[in-house]
Amino acid sequence: MHFISIILFVFLVSCSGRTTQQDQVNLDSLIINREGKIVLTRFSPPDKYHRPIADSNSFAWYLRLLPLKPHGTKVQYYDGRKKPNSWVAEAVIDLSVGTKDLQQCADAVMRLRAEYLRTSGRGEEISFNFTNGTPAVWSKWKNGYRCSVNGNEVSWQKTADPSDSDKSFHNYLEMVFMYAGSLSLDNELVPALLENIQAGYVFIQGGSPGHAVIVVDVAVNANGEKLFIIAQSYMPAQDIHILVNPLDRNISPWYRLGEGETLYTPEWTFEEGSLKKFP
Numbered sequence: 195m196h197f198i199s200i201i202l203f204v205f206l207v208s209c210s211g212r213t214t215q216q217d218q219v220n221l222d223s224l225i226i227n228r229e230g231k232i233v234l235t236r237f238s239p240p241d242k243y244h245r246p247i248a249d250s251n252s253f254a255w256y257l258r259l260l261p262l263k264p265h266g267t268k269v270q271y272y273d274g275r276k277k278p279n280s281w282v283a284e285a286v287i288d289l290s291v292g293t294k295d296l297q298q299c300a301d302a303v304m305r306l307r308a309e310y311l312r313t314s315g316r317g318e319e320i321s322f323n324f325t326n327g328t329p330a331v332w333s334k335w336k337n338g339y340r341c342s343v344n345g346n347e348v349s350w351q352k353t354a355d356p357s358d359s360d361k362s363f364h365n366y367l368e369m370v371f372m373y374a375g376s377l378s379l380d381n382e383l384v385p386a387l388l389e390n391i392q393a394g395y396v397f398i399q400g401g402s403p404g405h406a407v408i409v410v411d412v413a414v415n416a417n418g419e420k421l422f423i424i425a426q427s428y429m430p431a432q433d434i435h436i437l438v439n440p441l442d443r444n445i446s447p448w449y450r451l452g453e454g455e456t457l458y459t460p461e462w463t464f465e466e467g468s469l470k471k472f473p
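With this note's numbering applied, the sequence shown corresponds to residues 195 to 473, in that order.
Hints listed in this document are in silico derivations from the structure and should not be mistaken for laboratory results.
Among these hints, one or two may not hold up.
[What the hints assert, rightly or not] DSBU-like, lysine-lysine: derived pairs with alpha carbons at most 35 Å apart:
| no. | residue 1 | residue 2 |
| --- | --- | --- |
| 1 | K276 | K470 |
| 2 | K231 | K336 |
| 3 | K294 | K263 |
| 4 | K263 | K277 |
| 5 | K294 | K231 |
| 6 | K361 | K471 |
| 7 | K231 | K268 |
| 8 | K242 | K470 |
| 9 | K471 | K276 |
| 10 | K471 | K294 |
| 11 | K334 | K361 |
| 12 | K231 | K361 |
| 13 | K276 | K263 |
| 14 | K268 | K361 |
| 15 | K242 | K471 |
| 16 | K336 | K263 |
| 17 | K276 | K294 |
| 18 | K471 | K231 |
| 19 | K263 | K471 |
| 20 | K336 | K277 |
| 21 | K242 | K231 |
| 22 | K471 | K277 |
| 23 | K277 | K470 |
| 24 | K361 | K294 |
| 25 | K231 | K276 |
| 26 | K471 | K336 |
| 27 | K268 | K242 |
| 28 | K231 | K470 |
| 29 | K294 | K268 |
[Unchecked claim] Label-pair distances were calculated between CB atoms; the ranges are:
| no. | residue 1 | residue 2 | range |
| --- | --- | --- | --- |
| 30 | S359 | D442 | 37 to 45 Å |
| 31 | E368 | K276 | 20 to 28 Å |
| 32 | H244 | G338 | 42 to 50 Å |
| 33 | G315 | R275 | 34 to 42 Å |
Yeah, the Cβ is synthetic: ideal placement off N, Cα and C, and Gly gets one too.
All chains should be modelled from the sequences, with the hints used to inform the complete structure.
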């Protein structure tokens, strides 16, 4: 399993580190504001780092404003059960996971991108490809078209009344989650350079199984070195959550990554070349 390497690293760090429990509380208080209700106010950049300016209409700004559940909230599965290893989450994003086992790994990335485009008045841009390459376009769905899947063939027929309601939108997303995934999203995204990393970029490994995490914030220092915060959903479908940094609790939930290095997250490992962005 991908998280075994993380467990080993955490064990080694815990054995060799000299940070006391009180020291960790003090460090947390500098970075984590337990009363903060959004990403921007919950997490401060570490010393000598700052958030770069983000346009108020950008995906990066939208992600900084993501609402968070109260500090200490456990990750919840779609069926109401609590995630056993909720320690992987530094915070839980306050967006409904739904009641079906659909919003998993890459689905969370597509959900956040779609929510951003819709709230920004760019709903006509919402489109994700099914695994077979067929585009699932929100504007078609809201005009009453529904897909019919027969093996690897997909066709669309107008069988419903037009609606752009929240319920219709979430039904559209559930349809996307059923027929798209990490493999199709990986093919849609374009490679990105680590030096250019910004909120909205995605670390992704397409496949079955595959996984994806999305960068929700970035900080930079005077030397141009960057840190970033990442979020994920996982299997089974569960709340989207901000990941802890298991290898450097002193800056968690911020991560640092050098060129050519592997990204170790609590439940997945991303090799060099995994960073991508929306076109």
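Verification of the supplied hints:
1. K276 to K470: Holds, at about 31 Å.
2. K231 to K336: With Cα atoms ~32 Å apart, K231 and K336 stay inside 35 Å; holds.
3. K294 to K263: Holds, at roughly 21 Å.
4. K263 to K277: Holds - the C-alpha atoms of K277 and K263 are around 15 Å apart, at most 35 Å.
5. K294 to K231: This hinted pair holds, its Cα atoms lying about 27 Å apart.
6. K361 to K471: Holds - the C-alpha atoms of K471 and K361 are around 28 Å apart, at most 35 Å.
7. K231 to K268: Satisfied, since the Cα-Cα distance of roughly 16 Å is no more than 35 Å.
8. K242 to K470: Within the cut-off at roughly 27 Å; holds.
9. K471 to K276: holds (31 Å)
10. K471 to K294: holds (28 Å)
11. K334 to K361: Since the Cα atoms of K334 and K361 sit roughly 15 Å apart, the hinted pair holds (cutoff 35 Å).
12. K231 to K361: Status holds; Cα separation ~25 Å.
13. K276 to K263: Judged against 35 Å, a Cα distance of about 14 Å means the pair holds.
14. K268 to K361: Given that 35 Å is the threshold and the Cα spacing comes to 26 Å, the pair holds.
15. K242 to K471: Judged against 35 Å, a Cα distance of about 27 Å means the pair holds.
16. K336 to K263: holds (30 Å)
17. K276 to K294: Judged against 35 Å, a Cα distance of about 15 Å means the pair holds.
18. K471 to K231: holds (27 Å)
19. K263 to K471: Between K263 and K471 the Cα gap is close to 27 Å, so the pair holds against 35 Å.
20. K336 to K277: holds (34 Å)
21. K242 to K231: Since the Cα atoms of K242 and K231 sit roughly 24 Å apart, the hinted pair holds (cutoff 35 Å).
22. K471 to K277: holds (29 Å)
23. K277 to K470: With Cα atoms ~28 Å apart, K277 and K470 stay inside 35 Å; holds.
24. K361 to K294: Holds, at about 14 Å.
25. K231 to K276: Judged against 35 Å, a Cα distance of about 21 Å means the pair holds.
26. K471 to K336: holds (26 Å)
27. K268 to K242: OK: K268 and K242 at ~31 Å, within 35 Å.
28. K231 to K470: holds (28 Å)
29. K294 to K268: holds (19 Å)
30. S359 to D442: 37 to 45 Å: Cβ of S359 to Cβ of D442: about 44 Å, so the range 37 to 45 Å holds.
31. E368 to K276: 20 to 28 Å: holds (23 Å)
32. H244 to G338: 42 to 50 Å: This hint holds: roughly 48 Å between Cβ atoms.
33. G315 to R275: 34 to 42 Å: holds (37 Å)
Hint compliance for this structure: no hint is broken.
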